[in-house]
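**Q** What follows is each chain in one-letter form.
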Amino acid sequence: MPVGKRRSSLIRSPQFSSLVILIVLLAVFAIADRNFLSPLNISNMMAFLPELGIIALGMTLLLTAGEFDLSVGAVFGLAPVLVMLLVQNGNWDIGVALLAGLLLCIAIGAINGLIVTKIGISSFLVTLSMLLVVRGAALYITQGFPLKSWDQPGFFVTLLAGSFNVGSFRFYTSLWWFIGLSVFAIYILRYAKLGNWISAIGSNRNAAVARGVPADAVKIWLFIATSVLAGLAGMISAFRISAASPVAGTGYELEVIAMVVVGGTALTGGRGTILGTIVGALMLRAIRNGIVLIGVPGLAYNIFVGLIILAMLILHALLQKNAARS
Amino acid sequence: MDVLRLQNLQKSFGSVRALKNASLTLREGEVVALLGDNGAGKSTLIKAISGVFPIDRGEIFVRGEKVSIRSTRDAMDLGIETIHQDTSLAPDLSIARNLFLGREPVNFGWLGVFAPLDLAKLRKAASELLKRVGISKKLDADALVSTLSGGERQSIAISRAMQFAAKVIILDEPTNNLGVEETHGVLRFVKEVRDAGHSVLLITHNIHHVFQVADRIIVMRRGEIVAEQTVADTDLLTVESIITGADMSALLKEARAK
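The listed protein sequences correspond, in order, to chains A and B. What the first sequence shows, in this note's numbering, is residues 1 to 326, in sequence order. What the second sequence shows, in this note's numbering, is residues 327 to 584, in sequence order.
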């Protein structure tokens, strides 16, 4: 491919337009309020970013394969609740309790995947039901109350939610998890055999199956991976604030899907971009943070978040149309 | 040499007997057209050969050896490549990635599905293939399939079947939804495929196309093979009447005489 052609296809790519908008947004917020780029505020954004961003990585792969998962927010809530209950009330060792949490996430993902692929019900309906089951379970086992605060430093807490200072910035180890998992996801989707299969399944499942690609198995594993990532994000969050609540993660499923599609991944499958998702995660985090800083009333801020997401999607649709015409 | 021989294949779906005692042979380097009305059993027959579902009874021989085909992978490994109408390619993937879908060249193969694609080899093999089949001038191996025309997509799908040295290439309605010029392009391509030594089983509704490319014609009706003729020995009207069953008695006699 000649350099010029490659450059123009890069500029037309959805993740590039998202990146431009992100930079514009950051500039606007920075000019409107100089606290936006203060070390404290950046540290705050970076503390929240990985928690939704990690789920978004799994969701990107799942969406690229043509499915999605609405139960991630509920899993984000249930996994830490279960782990903390086992530790606080059952006196389990934290490591064993974490293993139980991991198995729970694997089971939820596997059930989602098996019902979607083997019984053939749309992932929207299956994971919507699973959202209710999982959230209901979290509320029931806690009787609706947040658990006692749990603040015992140890290996796992440091591993998932330890913090360190760089100059006047304070970062959490969750940022490393996000970076590491992002690199792995980019590798999978763009360079590995599995990524070729994921894109092909989402693009034309019958064609992939006709070539011997095990479409059902790939989807089931992607549901499991997404569930496990949601549970991991939930644990990171719970360790960071030293508490687990049965309502944690409410509404995260839509926020995560918004991050993914704003980044340029197609909701209909076949076209996925991890870089776009990272940009999308940064963008939603910055919007949520920035519009509060510049003085938009708290109750009004979902209006802005919704409008910005809508504008992004219109932009992607127009670019897509343009590309198809040329 | 018989490349593919089917003997008394039977397949039922519930009480519907989609395939009753279908037998046929496909020889090396010939194009055989499989004709029949909707519901005649053509799709069932090719799905059975390409491993979409197993047959109930009957035998399949590839180059004289009895085989059992239980999955699409089995069929591919036996050198039977099927190109389904409109569903053969993933539009969001590049030509190169489509050509090797399911058989990707990788480095560090022990990593299984996590193994990195050998992108250099992928691109090189794709360009060579496009060159060999004579469509490299127009197409870049990195182009997305969604940017191609229907005829180009068919050519890519057929090239993919050829590249794995397929003994048998099954084309299911390859000229559906194509313009006149593109249709001729694909038919010309089918002849080239045959001249390269592959055997082609061509399923189509269009009798005119059959007379342009096929060596033999096989007609199915209600799950049975009712006629088998070389193109040189028949004409358009005769074949048309066999398909619709206009003259049953003459046809049965003909079939028995074979």
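Hints listed in this document are in silico derivations from the structure and should not be mistaken for laboratory results. Glycine is no exception: its CB is placed at the ideal position from the N, C-alpha and C atoms. Be a bit skeptical, because a hint or two may be false.
So the derived list for chain A, only partly shown, Cβ under 7 Å to chain B, looks like this [unchecked claim]: (1) Ile-23; (2) Thr-117; (3) Asn-196; (4) Ser-199; (5) Val-213.
**Q** Against this structure, judge whether each hint is valid.
**A** Now the hints, each set against the structure:
1. Ile-23: Given a least distance of 27 Å, the restraint on Ile-23 of chain A is violated.
2. Thr-117: 16 Å, violated
3. Asn-196: 6 Å, holds
4. Ser-199: 6 Å, holds
5. Val-213: Constraint on Val-213 of chain A satisfied, holds at 5 Å.
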